[in-house]
Amino acid sequence: METKILQANLLELIRRTSAELPGDVKQAIAKGLRKEKKDSSGQYALQVISDNIGMAKVNSLPICQDTGTIICYAELPSWCDEKTFRKTYERAVVKATKVGYLRQNSVDSITGVNSGNNLGPGNPAYHFHPAKGKSLTVKMMLKGGGSENMSAQYSLPDNRIGAGRDLEGVRRCLLDAVVNAQGKGCGPGILGVCVGGDRGSGYVAAKETLFRLLDDKNDDKRLAKLERQIMKEANSLGIGPMGFGGETTLLGVKITHRNRVPASFFVSVAYMCWAFRRNGFQMGEGGKISRWLYES
Amino acid sequence: MLLEAPFTEEKIRALKVGDKVEITGLIYTGRDAVHKYLHDGGKPPVDLKDSIIYHCGPVVVKEKGKWVVKAAGPTTSIREEPYQGPLMEQYGIRAVIGKGGMGPKTLKYCQKVGAVYFHAVGGAAQVLAERVVDVPNVHLAEKFGSPEAIWEFQVERFPVVVTMDSHGNSLHDQVLAASSDRLKDILG
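So the sequence lines, in the order shown, correspond to chains V and R. Each residue of the first sequence is one higher than the last, beginning at 1 in our numbering. Each residue of the second sequence is one higher than the last, beginning at 297 in our numbering.
Same shape as in the complex, but just chain R (with noise of 0.2 Å):
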């Protein structure tokens, strides 16, 4: 299904785990340098109402002096676990993008602020990096060096599924659940 910004409290409830969703809008990159600066209270140069957040340490190139995304796969979550939750209702953000999926803080922050979380393909770099259609802005960039920088990014059908949802379903959950008991049930 087509998710196009603004990224509404409305629409971002209405999604469900295992949603598979292109997005197109804008969306912000940030990553660890940012997460913990945030959290550590400074202030973020961009609004993040409403906004989608990447865990993305992408490649990108000035081209005719125009910034060109290389490369934009997802970096692993979990290293935001601490602060996602609590940023997310601070701000307002309503979603994140990432690997690997997050914890029972992040989740319950979802419920209770209404965000979830999209599960991006871990390694799809050029793919990825295709569906970026513009490039705005940068942020952040002399503080924190190109990968850790906020990015500007417009996408247009960017593809995720969503692996954890306003209700309090977590794929990762699920399948680490089904497939212990499997496991249990092969060892005999």
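This is chain V alone, in the form it adopts within the complex (with noise of 0.2 Å):
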């Protein structure tokens, strides 16, 4: 493999991804701007984060100056080994943040040294999967923390809230995560959801389902009505735009689930900033790109 390829495959990844958010984004942005009262501060709030995602657009600069988390999903063919991408993608990285698509993210916990090149421990953060066919697929995510901070984790049964172990339960988990949220975590917001599973797995899949369109149908009936209400409910709290007040509260809920222990039941809810920034593309073993997996 010419890693050489990769490696300015994986930059422009890193670029696209910092600087343009997808299309469904974009879709549910300008939908929630057309829904909010003329004149309102949630109409405000929304048309300069519209404003703000052309412009990021145009001059090729970071969305918003947090560039997050860097989270990366790869699925390995056979030529190409785990090594090798890891030190691939971390070139791209450190290139990146030289020129200015990511900002120095990466701070040592124990010294609180920033390493100056988003490198560190668990920084990339990764997750491998074998590829089925002969593409390897390359997903990306950038999440800010001020919109982790406000993700959270409930332990069923929950009194404080009346949650049990049922999806109505669950319903009542993810509006109190939209309540305790309000603005704070830069709204509106997209919900990420995993019922079940460890307190460990439950966050990864909850994260890992945001990579679904905005638009999309859950295959899982009962999900995909709950989606349905949550969104619906959520919107009618009066939240809105950045906390201002408004019709857009959420622009996305997306529930998947996990088995679970008998003694265990978890909710996991990431939550998900407006400045929803993900991308990724599959690529042939020659490097060239054959598809990118969101339109812009």
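Hints in this document: simulated from the structure, not taken from any laboratory. Every residue gets a Cβ at the ideal spot worked out from N, C-alpha and C, and that includes glycine. Heads up, a few of these hints could be off.
Facing chain R, a subset of chain V residues (Cβ under 8 Å, in silico) [claimed, not checked]:
id: 1; residue: Ala-45
id: 2; residue: Met-55
id: 3; residue: Ala-56
id: 4; residue: Cys-64
id: 5; residue: Gln-65
id: 6; residue: Thr-69
id: 7; residue: Ile-71
id: 8; residue: Pro-130
id: 9; residue: Ala-131
id: 10; residue: Gly-133
id: 11; residue: Lys-134
id: 12; residue: Cys-186
id: 13; residue: Met-231
id: 14; residue: Glu-233
id: 15; residue: Gly-238
With a straight-line Cα cutoff of 30 Å, these simulated DSBU-like cross-link-like pairs (lysine-lysine) come out [claimed, not checked]:
id: 16; chain 1: V; residue 1: Lys-95; chain 2: R; residue 2: Lys-358
id: 17; chain 1: V; residue 1: Lys-98; chain 2: R; residue 2: Lys-439
id: 18; chain 1: R; residue 1: Lys-480; chain 2: V; residue 2: Lys-35
id: 19; chain 1: R; residue 1: Lys-480; chain 2: V; residue 2: Lys-57
Mind assembling these two chains? They're in different frames, but the hints should get you there.
Here it is in structure tokens:
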């Protein structure tokens, strides 16, 4: 494999992810903007957001200065081994930091020292899977600290919010998470949710389900119904863009599930901000990108 | 509405929660390190009388000998809650700009000294950077590092919303109360 071409492709992936929002997110924001009352603070916030998305793309600069945790998912075919991939991805990350697609965002948790190049224990965060076919698939997400701080994990039953171990209990968790976040996670937000799993796998699955398109439909009819219900109910709370009040509190809800042990029932909620930065590509062994996973 | 320097108590007292304001004049960035420094008795390198402090860790680069702001969105303000009010009183700070709002202590000081909280749109790093037309100076950069330094930003029509005013009103409290009530209704 020619690592030079892979590195160039990965750098372009990082640039696109940081500077350009996918089409499904832009459409959801445009739809929200149409719904907000004329001259309201909510409409104003969404207008600034919308202008910002346009400017970031034109200037090829970060949509938000918090370029977040770098989360990378790769499906590796036989011609690309994990070690080579990591090395190449990290070179692309260092370059992206140097040219300003990424902020220096990796801090040693013990000493407080910033590594300056976005590398360090656990950074970037990788999730590897074997590829089914011959293509290499790379997906990435940039998740800022403001939104990550509003993520939440519930252990059911939860007396405070009257949530039992069923889908009604899950509903109560999700609405509680939205009210608790208010505008602090830079809403309108998107919820990635996992019902079940352990504390670790639950959060991982909750984040991963955010790769679904905002306007798709859950294959699981029960979860599809819950997603629709939460969207409707959350958007009736009046929290609005940035918590200024208004109609658009959530842009999407995506729910997945994992089996659990009989003693545990976790509901993990990954709160994502409006600057919902995710993208990916598929690439053949020759280095040609056959497809970008999200339309711009 | 427009708010132009000097940022006098009279102008600030006239603002109400929900007002959409465009600020023109000189403002100073300051976040965690600066607030702690001033709180611990550090001497302010600039005159903070009738000033506006922006909770922001900007990306600033030097191009052709001049500072240029590449990204300048607000950071979460609540971390400065222990310090903000007393510093407003001690130095005559008239307003802060940030995101996410602040708590009851700051709200009380806003009322007492005649100050407000402006909310900038979180994440809007490009729109906000464009409104910084000049960077005349930077202070404490060696001590605290670039994002934590006090940057002097000359801003033009910098867009914000008043979410806490000097009359005891907080939009954050109002929206939290209304949405919590609404949730109770939904859950029956």
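Each hint, compared with the structure:
Of the supplied interface hints, the one on V:Ala-45 holds, with its beta-carbon coming within about 5 Å of a beta-carbon of chain R, less than 8 Å. Contact between V:Met-55 and chain R, as hinted, is supported at the beta carbon level, the nearest pair being about 4 Å apart and thus within 8 Å. Proximity of V:Ala-56 to chain R holds as hinted, the smallest CB-CB distance being about 5 Å (cut-off 8 Å). Evaluation of the V:Cys-64 hint against chain R yields a held restraint, the C-beta minimum of about 4 Å falling below 8 Å.
A least Cβ separation of about 4 Å between V:Gln-65 and chain R falls short of the 8 Å threshold, and the interface hint therefore holds. The interface hint given for V:Thr-69 is violated, since its Cβ lies 15 Å from the closest Cβ of chain R, which is over the 8 Å cut-off. Below 8 Å, beta-carbon pairs count as interface contacts, and V:Ile-71 has none with chain R, the closest being about 18 Å; its hint is therefore violated. Violation of the interface hint for V:Pro-130 is found here, the shortest Cβ-Cβ separation to chain R being roughly 36 Å, above the 8 Å cut-off.
With its C-beta approaching chain R no nearer than about 34 Å, V:Ala-131 sits outside the 8 Å limit, and its interface hint is violated. For V:Gly-133, the suggested interface contact is broken, since its CB lies about 37 Å from the closest CB of chain R, more than 8 Å. For V:Lys-134, the interface hint is violated, the least distance from its beta-carbon to any beta-carbon of chain R being 38 Å, above 8 Å. At about 4 Å, the closest approach between the beta carbon of V:Cys-186 and any beta carbon in chain R falls short of 8 Å, and the interface hint on this residue holds.
With its C-beta approaching chain R no nearer than about 13 Å, V:Met-231 sits outside the 8 Å limit, and its interface hint is violated. Interface hint status for V:Glu-233: upheld, as the beta-carbon distance to the closest one in chain R is roughly 5 Å, under 8 Å. The criterion of a C-beta within 8 Å of any C-beta in chain R is met by V:Gly-238, whose closest approach is roughly 6 Å, and the hint holds. Taken as a hint, the V:Lys-95 and R:Lys-358 pair is honoured in the structure, with Cα atoms around 19 Å apart against an allowance of 30 Å.
Straight-line distance between C-alpha atoms of V:Lys-98 and R:Lys-439 comes to about 23 Å, which keeps the hinted pair within the 30 Å bound. Of the supplied pair hints, the one linking R:Lys-480 and V:Lys-35 holds, its CA atoms being roughly 24 Å apart against a limit of 30 Å. Under the criterion of a C-alpha separation no larger than 30 Å, the hint pairing R:Lys-480 with V:Lys-57 is inconsistent with the structure, at around 41 Å.
Going down the numbered hints, you'll see the structure goes against 6, 7, 8, 9, 10, 11, 13 and 19, while the others check out.
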